[in-house]
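Going down the list, the protein sequences come from chains Y and C.
First residue of the first sequence? That's 1 in the working numbering, and the numbers climb one at a time after it.
First residue of the second sequence? That's 1001 in the working numbering, and the numbers climb one at a time after it.
It should be emphasised that the hints constitute simulated quantities derived from the structure, not laboratory data.
Check before you lean on any hint, since a few could be wrong.
Said to hold, decoys possible - Pairs of lysine to aspartate or glutamate, DMTMM-like flavour, derived with a Cα cap of 20 Å:
#	chain 1	residue 1	chain 2	residue 2
1	C	K1138	Y	E72
2	C	K1112	C	E1131
3	Y	K355	C	E1219
4	Y	K337	C	D1249
5	Y	K355	C	D1095
6	Y	K355	C	D1234
7	C	K1138	Y	E189
8	C	K1236	C	D1249
9	Y	K355	C	E1010
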Amino acid sequence: MGYVAVKGGAHAINNSVILYKNRRLEEGTDIEVDKIKTNMRQLINQIMSEASFYDRNTAALAIKQAEGNMEEAVFLMRAHRSTLPRLYYSTVTDTREMFVERRVSASFKDIPGGQILGASPDFTHRLLDDALKELSDGPKETIKYKEVPFNYELDKLPKVIDYLEDEGLFKREEENNDEPDDITKRAIEYPSTRSQRLQALTRGQTGAVTSLGYAEIRGYGISAHPNIGECRVGQQPVYINPDDDYGEYFIGDFEVTEIDAFMPDLDEDDSDAGDKDLMIKIGYGLVFGQNETKAIAMSVLDYSLEHPVPGVATSDDEFVLYHIDSVESTGFISHLKLPHYVTFQSKLDRMRQSKGEQQ
Amino acid sequence: MSQNFAFLDEHSKKEIRRKTLKAIAIPGYQVPFASRELPIARGWGTGGLQLTLSLVGKEDTLKVIDQGSDESVNAVNIRNLVQNTTGVAETIHTDEATLIQSRHRIPEVPLKPFQILVLQVPQPEPLRAVEVSERKTKMLHGDKEYSGAFIKLFEQIMKFGHITDDADYPVMVNDRYVMAPSPIPRFDNPKMNYNEGLILLGAGREKKIHAVPPYTKVESLAFEDYPFEVEQFDDKVCRESGLSGVYMDELQDEKTGETYYVTNDTSYMLEKLNEEAVQHAGK
């Protein structure tokens, strides 16, 4: 009979997991995933966006399993995403075909097609509602709709920028319809490309994207605030083309938020010897679900990375893109609590050496 | 939900193996790869784990250690994940394993040919402390411009009288690339030099793979008058096994308040204790 290895670690881990999983049920009653899906809509929107994985059912399950912890839910979704083969890219998607449910412009009082408020928490008073302590059977108030003449179709609304383009204040960039550089299939090598930046930004942690966008406009970057030309929320149809001679297949509508942020900037193409003209440039934001703050912050960062100012952190693609991913930042920060006995022993050895030499 | 063998889908594994082959072909060079998210947190060994998952086959025998121990919580967790998704055999004995995943240690038992040691890497860029920008460090490696790496050590000597880099001490691989060996103690650096096994290093969050193929020259950076030094345990003896000349954990006796030392590589210590017990019984 020889010496055997201590097996404490596995046992302790197992019990820790059981303790964690049981707590939810010991303290209250269970909840259906379906109820999370309908009641936690905005949380689901944020999680789908950060996970870059559009599936409300999976997101609702992830929320339940994570006990509502954002970073955990996003992590669960991303890990599941890793097991799925990625077979197709969509065909070129034009947001002019979005079925618009909400659309506001901060730049013009009235816009062709009109301001459409849709559903938004923007104008609610943030007073806790005691009535919500009780379950309700259905909506308390209903809207009395009436038909009005409308010269547009909701999936063919003009964009606000068209007006400025007609006036020559905006120059449309040449379309780049190449397949994107997918950062989940190929790591970003710097300098980054625009499609890598847009993908990293739209997957970014909501809080991180918002904070960096805020820093950029508050004073550490362009220090001016953009005008939101158009904020759209709606259903975007998406198609794939598997090259099977049958043409494109419709795979579904995705709820997205789109931002065109107007930034007055010098016209680089102005060849006049004198003062340069000012032109409208666009910072672009597009995220899964209704995530307006994140989409706006994304548009700010898209602009700051496209038009870098030397020495400004929010203009530095490495600084922004390396640090906004939820799974990466939370993973590395949380790993600090893992055992580091071996490296700390190495550090102590060096510190004692320093001390020894001074004495 | 249904699960793939070794968790990842086959397309992903293939990509990781291709990048690994490139890393082996260019010793010490950091190959970017499209790191996947795993059910283990980023920063908790996902780089090493992706290498393990892409390489593990049904015939493999797996050993996972963290801080020198097979029973460290993170080692247990990673081993459980690989086993649950593959069902491969496990061992604590270094010489029985075909695939060893480790965090912060190279085992005391030397690697043999055809063994693969996978190390988990938090920061694959040895020049990061002197140059924050990835595109610039990539250029520095391309030009073999390593004066920054040496100046960093030189400045430490000027300030403290000796080099203060502790674990993750930079090495020159194959006379070409300066490489972060992962946060192994300096004690383990010489084990990499002309070792017989294949050493793969994976950084999941930083999305890089690098490698030290068998029989490759690996030299710790140093100066002629300030040679490379490992941690000193010369006068220390393991309280459990009487071993010396191994990396030690420093512990406190709760009753006496006394400091004592125990062999860090627990499976090695166990093997030595059992050898002794057998010899003792034989007498």
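Hint check:
1. Of the pairs offered as hints, the one joining K1138 (chain C) and E72 (chain Y) is violated, with about 33 Å between alpha carbons and a cut-off of 20 Å exceeded.
2. Distance hint between K1112 (chain C) and E1131 (chain C) is unfulfilled; the C-alpha atoms sit about 37 Å from each other, more than 20 Å.
3. Restraint check for K355 (chain Y) and E1219 (chain C): the C-alpha separation of about 27 Å exceeds 20 Å, so the hint is violated.
4. The hinted pair formed by K337 (chain Y) and D1249 (chain C) meets the criterion: a straight-line CA distance of about 18 Å does not exceed 20 Å.
5. As the CA atoms of K355 (chain Y) and D1095 (chain C) are separated by approximately 39 Å, the hinted pair breaks the 20 Å bound.
6. For the hint linking K355 (chain Y) to D1234 (chain C), the alpha-carbon distance of about 18 Å falls within 20 Å, and the restraint holds.
7. Distance check on the hinted pair: K1138 (chain C) and E189 (chain Y) sit about 10 Å apart at the alpha-carbon level, within 20 Å; holds.
8. Between K1236 (chain C) and D1249 (chain C), the direct Cα distance comes to roughly 10 Å. Compliance with the 20 Å bound is thereby established for this hinted pair.
9. Taking the CA atoms of K355 (chain Y) and E1010 (chain C), the gap is near 53 Å; set against the 20 Å cutoff, the hint is violated.
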